[in-house]
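Undergrad: Listed here are the chains, written in short residue letters.
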Amino acid sequence: MLDAFQREIIELLPRLRRLARSLTGEAADADDLVQTGVERALSRRDQWQPGTRLDWWIMRIMRNAFIDEVRRKGRTALSAGGEDLDHIADPSVASVDLKIDAMALNQAMGRLPADQRLAVAMVLVEGLSYAEAAEVLEIPAGTLTSRLVRGRQALLAELGAQGVTA
Amino acid sequence: MTITDAMLIAYVDGELSAEEKREVDRAAELDAAVATRLAAHKRLRVGMADAYAPVLDEAIPAALLAAVKGASDAKVVAFAPRRAALPAWTALAAMAACLVLGLAIGFGAPDAALVASDMTAKGKLASALDRQLAADQGDAAIRIGVTFTDTAGAYCRTFQANGVAGLACREGEGWRVPVLSAISRQASDGFRTASSLPAAVAAAVDERMAGEALGAEAESKARASGWAKVRKL
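These protein sequence lines are chains W and E, in that order.
Its first residue numbered 46, the first sequence is counted upward by one per residue in my numbering.
Its first residue numbered 173, the second sequence is counted upward by one per residue in my numbering.
For the record, the hints were derived by calculation from the structure and aren't laboratory data.
The C-beta atom is built at its ideal place from N, Cα and C for all residues, glycine as well.
Reference listing, derived: stretches of chain E covered by chain W, where coverage requires no fewer than 3 residues with Cβ under 8 Å from a Cβ of chain W:
| no. | stretch |
| --- | --- |
| 1 | 182 to 188 |
| 2 | 218 to 224 |
| 3 | 227 to 238 |
Sequences are here, hints too, so could you generate the full structure?
TA: Here it is in structure tokens:
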């Protein structure tokens, strides 16, 4: 039987997978990241304080794992995207136009430095406010906004260079 | 005043005060360049949300569910070939429009659900496990593979349905599903032998099986007994 903690995690899985997909750009890497997050969360569950946000706690664990992975791979961004773009969205769900945009966006996300990708993902994918995103990422508000601005300028520049209008 | 990208971005993110918003609105009305930049940032915000939203509707890979479940059930089989198996699952998820795990968390039609969130068989899977014999299953959507007794004398049956294969073991009046795994296309033929099962399921069978798989007659008798536990001497 699953306990309440595990059931809560299961309910979070779709959102955690979405966040991870925007960070890694590719389905298999994203699920590996979620799996690492889930396994670490379960092994450290005594460190989680009931009454605080479980989703944010696991996202922090995933952020750390993501940054470790990017560092481990050196200067190369974790899965730059480009090969496996059909995994970004289920083609049967997305319209053709949306899919092109989604692919281009995913590719552009993959070229951002990890810290900008995290800031953009928290606000644009997870939909957090600036205050919430800064709290999850444990960075000052000013750092968050500067990463958000630089990240989004780079995304628009990238999409413009590809001839795709965002 | 100059309207910076930071302001436009804060505008589309809903982070500006009413006064600051009015300033941006005024600037966009007076300056087409500002309006164009503002529109681009709006489209980017919407585009990003739309790009990743479909992930929410995808079936959750069995390995992730097993990872959550891992802590409560030490007997759960480690998904050793996880790295190699993941691409197959994702391809499968894309191929199979059906949602294989109708976990009661808001996606999939309720009648598509095979396994409850506590990993017990439900719905059509539960009735197939109760009633279906391997020798006589016609073109049933759920296929029963091997039936055997585990080391504690409980009946276990392998099954496959909708791109997943798993093992179910009798527990009380129901069936517990200790392992569930996506199957690659190649593995979906010749299901009768354990060797064609996904590695995780095959490993779970190996771990639990006491003696031989049941033949057709023994399987039929076991069903007649209501899958009552076999007494061990």
